[in-house]
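I would like the entire structure built from these sequences, with the hints used as guidance.
Here is how the chains run, residue by residue.
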Amino acid sequence: MQTKVIGTAVLALGAVVAVLGLALMAILGPDGRFTSGPHPVDVDGVAVVTAPTVISWKNVEVEILAELPASKPVFVGVANSVDVQAYLKGVRRLEVTSFETPWKLRTRQAAGRDALPGAPTAVDWWRAHSAGLGGAAIKTRLPDETVSAAVLAVGSSNLRGLKVTIAYGLQGAFLKGLGLMLGGAGLAGAGILARRGESLWETDEATGADETWEGDESPTVILPRHPKVQRIAPHPASTQSAAAADADEEDTADEEVHEVYVYVDEHGVEHEISAEEAAQYEVVDQVEQIVEAAAPAPAPEPEPAPESESDEPVTYFWVDENGVEHEVTEDELHEFELYDEDES
Amino acid sequence: MSRALRTAGVVAFAVLASGTLSGCGAIPQPRRDVALEQAANPTDVAEILGRYREVRNTAISLLDPKPLSIVETGPVLAIDTGSFDVAQRLSRTQPEDERQLQVTSVETPKFSQYPLWFMVTAFDPASRVDVVQIFERLTPVDPWLLVSAPQTLPSTRLPGLRHDGDHVIPVAAGNGKGMSMSPQRAAASYAKALASMSGSSAVARDDFIKKMRTAFEQANRLEGVRVTQTWAAERVEHALRTDDGGALAWVTLLRLDTYTVQPGIKVSWPDGSPQQAFLANGISGSGKLRYYHQVLLHIPGGSEGEPRALGHYGGVVSANTQAALSPIPAPGSDPLSPSDPFPIPGASPGQTTVPGWPNILPTPTPTDDEDSEDEDSEDEESDDESED
Chain A
1 MQTKVIGTAV
11 LALGAVVAVL
21 GLALMAILGP
31 DGRFTSGPHP
41 VDVDGVAVVT
51 APTVISWKNV
61 EVEILAELPA
71 SKPVFVGVAN
81 SVDVQAYLKG
91 VRRLEVTSFE
101 TPWKLRTRQA
111 AGRDALPGAP
121 TAVDWWRAHS
131 AGLGGAAIKT
141 RLPDETVSAA
151 VLAVGSSNLR
161 GLKVTIAYGL
171 QGAFLKGLGL
181 MLGGAGLAGA
191 GILARRGESL
201 WETDEATGAD
211 ETWEGDESPT
221 VILPRHPKVQ
231 RIAPHPASTQ
241 SAAAADADEE
251 DTADEEVHEV
261 YVYVDEHGVE
271 HEISAEEAAQ
281 YEVVDQVEQI
291 VEAAAPAPAP
301 EPEPAPESES
311 DEPVTYFWVD
321 ENGVEHEVTE
331 DELHEFELYD
341 EDES
Chain G
1 MSRALRTAGV
11 VAFAVLASGT
21 LSGCGAIPQP
31 RRDVALEQAA
41 NPTDVAEILG
51 RYREVRNTAI
61 SLLDPKPLSI
71 VETGPVLAID
81 TGSFDVAQRL
91 SRTQPEDERQ
101 LQVTSVETPK
111 FSQYPLWFMV
121 TAFDPASRVD
131 VVQIFERLTP
141 VDPWLLVSAP
151 QTLPSTRLPG
161 LRHDGDHVIP
171 VAAGNGKGMS
181 MSPQRAAASY
191 AKALASMSGS
201 SAVARDDFIK
211 KMRTAFEQAN
221 RLEGVRVTQT
231 WAAERVEHAL
241 RTDDGGALAW
251 VTLLRLDTYT
261 VQPGIKVSWP
271 DGSPQQAFLA
281 NGISGSGKLR
291 YYHQVLLHIP
301 GGSEGEPRAL
311 GHYGGVVSAN
321 TQAALSPIPA
331 PGSDPLSPSD
341 PFPIPGASPG
351 QTTVPGWPNI
361 LPTPTPTDDE
371 DSEDEDSEDE
381 ESDDESED
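As given, the protein sequences belong to chains A and G, one line each in that order. According to the numbering used here, the first sequence holds residues 1 to 344 in order. According to the numbering used here, the second sequence holds residues 1 to 388 in order.
Warning: the hint list may mix true and false statements.
Said to hold, decoys possible - What follows is a set of in silico ranges between Cβ atoms, one per label pair, in the way DEER data are often shown:
#, chain 1, residue 1, chain 2, residue 2, range
1, G, 153, A, 118, 39 to 45 angstroms
2, G, 35, A, 35, 26 to 32 angstroms
3, A, 285, G, 29, 54 to 60 angstroms
4, A, 29, G, 69, 53 to 59 angstroms
5, G, 102, A, 155, 39 to 45 angstroms
6, G, 88, A, 133, 44 to 50 angstroms
7, A, 113, G, 70, 24 to 30 angstroms
8, G, 35, A, 160, 33 to 39 angstroms
9, G, 196, A, 118, 44 to 50 angstroms
10, G, 102, A, 29, 51 to 57 angstroms
11, G, 172, A, 90, 22 to 28 angstroms
12, G, 70, A, 53, 36 to 42 angstroms
Stated by the list, open to error - Below, in silico cross-link-like pairs of lysine-lysine (DSSO-like), each with a Cα-Cα straight-line distance of 27 angstroms or less:
#, chain 1, residue 1, chain 2, residue 2
13, A, 139, A, 58
14, A, 58, G, 110
15, G, 177, G, 110
16, A, 163, A, 89
17, G, 110, A, 89
18, A, 4, A, 72
Derived by calculation from the structure, the hints in this document are not laboratory data. For every residue, glycine included, the Cβ atom is placed at its ideal position computed from N, Cα and C.
Put into structure tokens, the structure is as follows:
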């Protein structure tokens, strides 16, 4: 149930990411940018500049193309607003106070002289700049600082007839969109698998069945662990109704787990050791054995004693630490723990 | 689905996702604030210092101060020009290996408007002193120029400067918050302490003040010679906040020494001294020597600390003499009066000093030449008049 929920969530996330990637590719196109223009700008001065609050994004790839008729010289640049404002202080200029995409401007005219304090090409603080006859274009990524864009007349020229084209986008946007789409598809696929209850990887049990353990050739300090599960409660094998499940649960509660630690010496002989002693060794193998307790006979019908066994003499052996068996009499039997050979 | 296919799918997904997310830092996003801030960036600073060194070395190798006007301005240019002039007259040259300033640190404050400036600490192997320079750009169309360069002894430790991120914090001239006085008031108090040793002082009477006063008193002991000295502080343009809450201020002081010599006596200076370079014929009658002194002043944080000079750079920037019998100029027309503005930097020679201002004393000698007038002083007067 939980796997299905997770699978559904991953599927939904993958679908959203894929749609985002697809949208990015569709909107920005193969060149990864959105273009607007050319737009005529009515300017009666030598400068058009954006106010510091207008460009409020960072890491956007911006392209600005300024065109003037009659091959008039023009300059386009982007720089820190402190530099641009100080540079254009006292210059008659058109200041763009707000801008909305694709092209909605609010402007104000600032009075001043019709001359720049110095040639814009002569200063060194432009982050990106370009000058040309009849047109100039720049392409730059907006930095994490307050910047302004400026279109300036060069020399004794003016900006009458100015047309501006802008483009903005994200570098490598198409590839990023493609990556998002494929990544989203991958996520969605993983979600579908999870919903089906299939695991992305094969489990250890499945892989372990094919594999064989080469074994440790070292003859010493090998400690297999043999947890024995002995069912104590009687199991009603004949139950067929819905009560069987309840009975199973009860049986599980009656299960008793015995952990036996065995040390195998260099001769391959097993020696039982305590848990404290086992802690000093490296566990190299764990073996689980389920030992079914003998089902108690129904009360009304006592189990008949096997006739053949009662006639045969019983021989008891004591197995020493080297695995050597020694015969034990019935009188000595109380000194040992009885271990039925058939159960092993 | 086979294991191999699943593995390939996961790997492809990881590659695509990492490829896409690797550009996350460059994802367009709106900026949180629209702050007007600008500071010299490290690339600019390296370029500015490289250009400064190149021009300075050219000036040294030519023994000509003219190239310095490309990279220096104001009092520091006046002082350096004077030092070159003295070196020229005395034919002193500097070994090439001693010309290279070794920059040890650069600190750039942020500003919301022009002028912009930054601080450079460098070791001068020629003088074996540390130079604490200020480079400034007045307007966006001006170049970066050296405007102040007080020198400290290598053993002098400058107070730590307080930083805001990567930038140090400038202090306005009139801002005395957290200090016993503002940088501007500290500059005025320091000038006052230099003018007189008597009375209480708001600043520490450090070695520089003591040496200046000692030299002045010794000059006044000369027979037949009367010397007066005035000090004034220019407006403080550069100060930085220190870690102790105080400020490190670059203060420019103007000093005017006026000599009145009794008839029949001529005051002259030892050969090789900067004053002698300016006044080759000494002073007969009266004469004036003008100095610029740039002082690095530490104003400690808290209300108790007294401002103290950590470094100094200065020298003679102009000199005038007047014969004893010359007509007295009309009030307000004397170009040599203490209230006159100083000449344009670079228009007159000067002298370079290092920490440990030398006491170069004039010598009075009897003379018959009462009409002598120094050649430099004529040039200087005409310059001043044209300024007025």
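Hints, one by one, checked against the model:
1. 153(G) <-> 118(A): 39 to 45 angstroms: Holds: the Cβ-Cβ distance is about 41 angstroms, inside 39 to 45 angstroms.
2. 35(G) <-> 35(A): 26 to 32 angstroms: holds (30 angstroms)
3. 285(A) <-> 29(G): 54 to 60 angstroms: With Cβ atoms ~57 angstroms apart, the hint holds.
4. 29(A) <-> 69(G): 53 to 59 angstroms: With a Cβ separation near 55 angstroms, residue 29(A) and residue 69(G) satisfy 53 to 59 angstroms, so the hint holds.
5. 102(G) <-> 155(A): 39 to 45 angstroms: holds (44 angstroms)
6. 88(G) <-> 133(A): 44 to 50 angstroms: For residue 133(A) against residue 88(G), whose Cβ atoms are near 49 angstroms apart, the range 44 to 50 angstroms holds.
7. 113(A) <-> 70(G): 24 to 30 angstroms: holds (28 angstroms)
8. 35(G) <-> 160(A): 33 to 39 angstroms: Taking Cβ atoms as reference, residue 35(G) and residue 160(A) lie about 35 angstroms apart, which means the hint holds.
9. 196(G) <-> 118(A): 44 to 50 angstroms: 47 angstroms Cβ-Cβ, so the 44 to 50 angstroms window holds.
10. 102(G) <-> 29(A): 51 to 57 angstroms: Taking Cβ atoms as reference, residue 102(G) and residue 29(A) lie about 54 angstroms apart, which means the hint holds.
11. 172(G) <-> 90(A): 22 to 28 angstroms: Holds, at about 24 angstroms.
12. 70(G) <-> 53(A): 36 to 42 angstroms: holds (38 angstroms)
13. 139(A) <-> 58(A): holds (14 angstroms)
14. 58(A) <-> 110(G): holds (20 angstroms)
15. 177(G) <-> 110(G): holds (19 angstroms)
16. 163(A) <-> 89(A): Cα-Cα ~24 angstroms, so holds.
17. 110(G) <-> 89(A): holds (20 angstroms)
18. 4(A) <-> 72(A): violated (68 angstroms)
Against the hints set out earlier in the document, a violation occurs for number 18 only.
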